[in-house]
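J.: Each chain, written out:
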Amino acid sequence: VSGVDDVAALIVSWAHPGEELEAYVSHSRTTNVRAYQGQVESLSAAEPAGAGVRVVIDGRQGFAWAGTLDEGVLKETLEEARDNAAFGQPDEFAGVARPDGVAPPALDLVLPGLRSAPTDAKVELALELERAARARDPRVTGVRVATYADSYGEVAVATTTGICAGTEAGMCYVAVSPLVEANGDTQIGSGLSAARAPSALDLDRAVADGVDRAVRLLGATKPASRRVTAVLDPEVTAEFLAILGATLSGDAVAKGRSLFAGREGELVASDVVALISDPTDPGAFDAGQVDGEGLARRRVPLIEAGSLRGFLYDTASGRRAGRASTGSASRGYSSTPSVGAPALTLAAGTRSPEELFATVGDGVYVQEVSGLHSGVNPVSGDFSVGATGLLIRGGALAEPFREATVASTLQRMLLDVAEVGADHEWLPGGPAGVTLVVHEVSLGGA
Amino acid sequence: VLDPSLVTEVLQAALRTGGEFAEVFVEDARSSSARLDDGRVEEVTSGRSRGAGIRVVAGETTGFAHTADLSAAGLHAAAEAASAVARSGRPGTATVALAPWRDEGPDVRVLPEDVPKSAKVDLLTRADAAARGAGGGVRQVSATYADNRRRILVANSDGLMAGDDQVKSRFAVQAVASGDTGLQTGRESYGLARGFEFFGDFDVEQAGRVAAERALTKLRARPAPSGTLPVVIKRGGGGVLFHEACGHGLEADLVGKRASVFAGRLGEQVASTLVTLVDDGTVPREWGTYAVDDEGHPASRNVLIQDGVLTDYMYDFLRARSEGRAVSANGRRQSYRHLPMVRMTNTFLVNGTEDPDEIIRQTPHGVYVAQLGGGQVNTTTGDFVFGMTEAYLIEEGRVTEPLRDANLIGNGPEVLALIDVVGNDFAMGPPGTCGKDGQGVPVGDGQPTLRVQALTIGGTAA
Numbered sequence: 001v002s003g004v005d006d007v008a009a010l011i012v013s014w015a016h017p018g019e020e021l022e023a024y025v026s027h028s029r030t031t032n033v034r035a036y037q038g039q040v041e042s043l044s045a046a047e048p049a050g051a052g053v054r055v056v057i058d059g060r061q062g063f064a065w066a067g068t069l070d071e072g073v074l075k076e077t078l079e080e081a082r083d084n085a086a087f088g089q090p091d092e093f094a095g096v097a098r099p100d101g102v103a104p105p106a107l108d109l110v111l112p113g114l115r116s117a118p119t120d121a122k123v124e125l126a127l128e129l130e131r132a133a134r135a136r137d138p139r140v141t142g143v144r145v146a147t148y149a150d151s152y153g154e155v156a157v158a159t160t161t162g163i164c165a166g167t168e169a170g171m172c173y174v175a176v177s178p179l180v181e182a183n184g185d186t187q188i189g190s191g192l193s194a195a196r197a198p199s200a201l202d203l204d205r206a207v208a209d210g211v212d213r214a215v216r217l218l219g220a221t222k223p224a225s226r227r228v229t230a231v232l233d234p235e236v237t238a239e240f241l242a243i244l245g246a247t248l249s250g251d252a253v254a255k256g257r258s259l260f261a262g263r264e265g266e267l268v269a270s271d272v273v274a275l276i277s278d279p280t281d282p283g284a285f286d287a288g289q290v291d292g293e294g295l296a297r298r299r300v301p302l303i304e305a306g307s308l309r310g311f312l313y314d315t316a317s318g319r320r321a322g323r324a325s326t327g328s329a330s331r332g333y334s335s336t337p338s339v340g341a342p343a344l345t346l347a348a349g350t351r352s353p354e355e356l357f358a359t360v361g362d363g364v365y366v367q368e369v370s371g372l373h374s375g376v377n378p379v380s381g382d383f384s385v386g387a388t389g390l391l392i393r394g395g396a397l398a399e400p401f402r403e404a405t406v407a408s409t410l411q412r413m414l415l416d417v418a419e420v421g422a423d424h425e426w427l428p429g430g431p432a433g434v435t436l437v438v439h440e441v442s443l444g445g446a
Numbered sequence: 001v002l003d004p005s006l007v008t009e010v011l012q013a014a015l016r017t018g019g020e021f022a023e024v025f026v027e028d029a030r031s032s033s034a035r036l037d038d039g040r041v042e043e044v045t046s047g048r049s050r051g052a053g054i055r056v057v058a059g060e061t062t063g064f065a066h067t068a069d070l071s072a073a074g075l076h077a078a079a080e081a082a083s084a085v086a087r088s089g090r091p092g093t094a095t096v097a098l099a100p101w102r103d104e105g106p107d108v109r110v111l112p113e114d115v116p117k118s119a120k121v122d123l124l125t126r127a128d129a130a131a132r133g134a135g136g137g138v139r140q141v142s143a144t145y146a147d148n149r150r151r152i153l154v155a156n157s158d159g160l161m162a163g164d165d166q167v168k169s170r171f172a173v174q175a176v177a178s179g180d181t182g183l184q185t186g187r188e189s190y191g192l193a194r195g196f197e198f199f200g201d202f203d204v205e206q207a208g209r210v211a212a213e214r215a216l217t218k219l220r221a222r223p224a225p226s227g228t229l230p231v232v233i234k235r236g237g238g239g240v241l242f243h244e245a246c247g248h249g250l251e252a253d254l255v256g257k258r259a260s261v262f263a264g265r266l267g268e269q270v271a272s273t274l275v276t277l278v279d280d281g282t283v284p285r286e287w288g289t290y291a292v293d294d295e296g297h298p299a300s301r302n303v304l305i306q307d308g309v310l311t312d313y314m315y316d317f318l319r320a321r322s323e324g325r326a327v328s329a330n331g332r333r334q335s336y337r338h339l340p341m342v343r344m345t346n347t348f349l350v351n352g353t354e355d356p357d358e359i360i361r362q363t364p365h366g367v368y369v370a371q372l373g374g375g376q377v378n379t380t381t382g383d384f385v386f387g388m389t390e391a392y393l394i395e396e397g398r399v400t401e402p403l404r405d406a407n408l409i410g411n412g413p414e415v416l417a418l419i420d421v422v423g424n425d426f427a428m429g430p431p432g433t434c435g436k437d438g439q440g441v442p443v444g445d446g447q448p449t450l451r452v453q454a455l456t457i458g459g460t461a462a
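Each protein sequence line maps, in turn, to chains A and Y.
Numbering (the numbering used here) for the first sequence: 1 to 446.
Numbering (the numbering used here) for the second sequence: 1 to 462.
Errors might be hidden in some of the hints.
[Stated by the list, open to error] Coverage of chain Y stretches by chain A, computed from C-beta distances (three or more under 8 Å per stretch; other residues unrestricted):
id	stretch
1	31 to 41
2	47 to 56
3	150 to 163
4	256 to 268
5	448 to 459
[Said to hold, decoys possible] Which residues of chain Y face chain A? A few of them, derived with a C-beta cut under 7 Å, are:
id	residue
6	Val44
7	Gly63
8	Leu70
9	Gly227
10	Phe386
11	Thr400
12	Arg404
[Stated by the list, open to error] Pairwise CB distance ranges (calculated):
id	chain 1	residue 1	chain 2	residue 2	range
13	A	Ser338	Y	Asp3	56 to 62 Å
14	Y	Gly200	A	Asp423	57 to 63 Å
15	Y	Gly92	A	Pro118	23 to 29 Å
16	Y	Asp158	A	Ser352	35 to 41 Å
17	Y	Ser322	A	Gly113	35 to 41 Å
18	A	Ala135	Y	Asp312	33 to 39 Å
19	Y	Glu268	A	Thr141	39 to 45 Å
20	A	Cys164	Y	Asp69	26 to 32 Å
21	A	Ala135	Y	Arg285	22 to 28 Å
22	Y	Asp312	A	Ala358	50 to 56 Å
These are computed hints drawn from the structure, not numbers from a lab.
By construction, the Cβ of each residue, glycine as well, lies at the ideal position given by its N, Cα and C atoms.
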């Protein structure tokens, strides 16, 4: 296989006069090991590759993709994209990106230790993870999944408008789901550690998170319905940030699908809220040199001191809004670019989670939420999700609860943020995690 | 697709390091879709993915590799990678004799690939116009048409060879309405294992109107209650309840790892006697239907719960092998790049006897759910949630005011026991995509109108 940049350049060289063409090509290597009861349950290794071709002719856009870099198939794929363009309706804002002079950040996102790690070492990590989880606590009765996985690869984007860019990234993680049991009650935990190279993985922490956080939920009961102050676990905060990111998409705003449309400059959150998308931070797992259209990734302030500063744009949504792209196009080879919200992060506060519990006095600590894909409407902002966690009583964590819901609206929740914790940490899902204190949340239970 | 003698050769090579079982899964998938948004057909897309996944099983260990290169060299390289984990076994030569298999082609009248793209695009513009015509509050409409054809061939070292040619068509409309209470959304989707003839029976304009009316209705909706109430679920609107409340917990891979509340409960009463639950991959043309699963076994109808008693779990090849029993043809994978695991097909509650209107009349105070959205379950505890996307209050036995979106939450075994009336009006629901361990597969669900005596509603009203 020749390099992804050569393949992208080759596809662009097939363009006809008068058509804009963009080739997005990716190639990666992945390994996945699962351990179960002291043995390797499965070991998968693969090198997926593919290309997406976008053609814009007279404002009409067509797209086609193929899961291969075979030259004959790529030629057919371009023909398909061309044919598809004839059925799109003209859009004055459609088109591929143009070079904007912004230099991509210098980032080194594939550490040599990831490329060179032998398969045996990866297998050993998975086996060790399972062993350690079983040994951590006498209440561990089994481990549903103990996984080591990694992936690294290259992406290239080339266009007839002069874009020729690429990005490289890699990461690995270990994940464990221990089953714990006491007095007939069973819980499942999840612990994770992610890094750019296997040597930087923290197995002890993944195991401790997986086991201890499940153990403390044993014996949980349904809480009484009421309005409470909720303290969100960093992972829960990150899940909400991902949804908030979708409402700050310039495309959703332009098409009347965002509750923030037309509100730039307004106070949309409490003054402790400062939100940015910063894929130039090498600590972020979705950091990168360029976006899905080949433009430089950059730092985009979204909310400052509670005031709405701006939105995220790709090329088309930027043109529609009369703005420049913020380098926020997200995609894989099987889809056209869309506006993403990479590396979202809240500015950290100054106090530890324990100090926050003490301040709150009485409330709930939300350790996990479920049903986010069905329970949050990013257009209306209404949300209602399943919640599991611990009561906060007398300024400290107390007994566990389960089978509850927390509900509010995204808008109200942003205004009700009382404090952001100091425990900022990038998580593999994208946004950064941080403990968050939110007043006036509806807790639904018995 | 592939020459049987090459497949035989690759299977034999895969067993050379001592594996006990080898399988070649070949897939050729093509898809096309068109999307309308903001009054314009924004894009028409085509996709193509072709390749093979090879797995080798040695003891409790599975090795897996996949390739997009279907040449002899590409397949042999994948077989070698997949068999690398089997080095603990005794190297040797295996003989594989494949059963003959004949490709019968897809069971549809009009292949989507034979339909002009203009006809697909036309469906979108008709739905858009109908949705926008439904009322002045409709501010935005998007619509998606999608079809795909997936041809698979599975061959394994036990001599099995089988294949399938799966065609699916899907259509969805989403409308956004704006009013004093902000923005609200409504959605309607349909999908079946059918070709383009589907659109001869299915009215896309009606879909557009339904999506718009759902959004408009919600503009005048009040916040959903917070607390525990009786819930009546309309036919075809809540099959996801069973998918989440017990379907996942009856998957043998989770049961085998004791990660299910239903583990060790065969023969026990796990639900109200009104509950008979079936998983059936043979229902003609349904979204979760196939001729053979992704391990080559003919789809079957499996009764999981009969009159409230747990009768069986769902199995794939590996799980069935370790328990020394027959597969239930629930071995599925997202694509040739994935390992198969136990998955549902079409999962549904069979008909009861009650008149659905009578169920509402007999409910003094509660919630009527016309449509549930997606859900999620923790199979270990049985706790699940799912979203209500169209719901109303029931007051004095009548359906009254609309409610805003909220999640319902419950515990699988507890909720199954609390089903106290089941209607006689069975219907399948909209097409679903079920996610498990990072893989998505198409699934169907369905149920007649039914009542759960008490469910927790996660609204914001006191």
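J.: Next, verify each hint and record whether it holds.
T.: For each hint, the structure was consulted:
1. Only when three residues or more bring their CB closer than 8 Å to a CB of chain A does the claim for the stretch 31 to 41 of chain Y stand; here the count is 5, and the claim holds.
2. With 5 residues having a beta carbon nearer than 8 Å to a beta carbon of chain A, the stretch 47 to 56 of chain Y meets the requirement of three or more and the stated coverage holds.
3. Remark: the stretch 150 to 163 of chain Y is not confirmed as covered by chain A, as 0 of its residues place a Cβ nearer than 8 Å to a Cβ of that chain, below the required three.
4. Look at the stretch 256 to 268 of chain Y against chain A: 4 of its residues bring a Cβ nearer than 8 Å to a Cβ of that chain, three or more, so the hint holds.
5. With 4 residues bearing a CB less than 8 Å from a CB of chain A, the stretch 448 to 459 of chain Y meets the requirement of three and the coverage assertion stands.
6. The closest approach between the C-beta of Val44(Y) and any C-beta of chain A is roughly 4 Å, which is under the 7 Å cut-off, so the hint is satisfied.
7. Interface hint status for Gly63(Y): upheld, as the beta-carbon distance to the closest one in chain A is roughly 5 Å, under 7 Å.
8. Violation of the interface hint for Leu70(Y) is found here, the shortest Cβ-Cβ separation to chain A being roughly 10 Å, above the 7 Å cut-off.
9. With a least beta-carbon distance of about 5 Å to chain A, the hint placing Gly227(Y) at the interface is held under the 7 Å criterion.
10. The interface hint given for Phe386(Y) holds, since its Cβ lies 6 Å from the closest Cβ of chain A, which is under the 7 Å cut-off.
11. The beta carbon of Thr400(Y) is not positioned within 7 Å of any beta carbon in chain A (closest approach about 20 Å), and the interface hint is therefore violated.
12. Because the beta carbon of Arg404(Y) sits about 6 Å from the nearest beta carbon in chain A, less than 7 Å, this interface hint is met.
13. Distance hint check: the CB atoms of Ser338(A) and Asp3(Y) are about 41 Å apart, inconsistent with the given range 56 to 62 Å.
14. One distance hint, 57 to 63 Å for the beta-carbon pair Gly200(Y) and Asp423(A), holds here, with the actual separation near 58 Å.
15. With their beta carbons about 27 Å apart, Gly92(Y) and Pro118(A) fall inside the hinted range of 23 to 29 Å.
16. Checked against the hint of 35 to 41 Å, the pair Asp158(Y) and Ser352(A) fails, with Cβ atoms roughly 58 Å apart.
17. Ser322(Y) and Gly113(A) have their C-beta atoms about 37 Å apart, which keeps the hinted 35 to 41 Å range intact.
18. A hinted range of 33 to 39 Å for the beta carbons of Ala135(A) and Asp312(Y) is consistent with their spacing of about 35 Å.
19. One distance hint, 39 to 45 Å for the beta-carbon pair Glu268(Y) and Thr141(A), is violated here, with the actual separation near 21 Å.
20. At about 27 Å, the CB distance of Cys164(A) to Asp69(Y) agrees with the hint of 26 to 32 Å.
21. Range check, Ala135(A) to Arg285(Y): about 52 Å between beta-carbon atoms, so the 22 to 28 Å window is missed.
22. Restraint check, Asp312(Y) to Ala358(A): a C-beta distance of roughly 52 Å satisfies the suggested window 50 to 56 Å.
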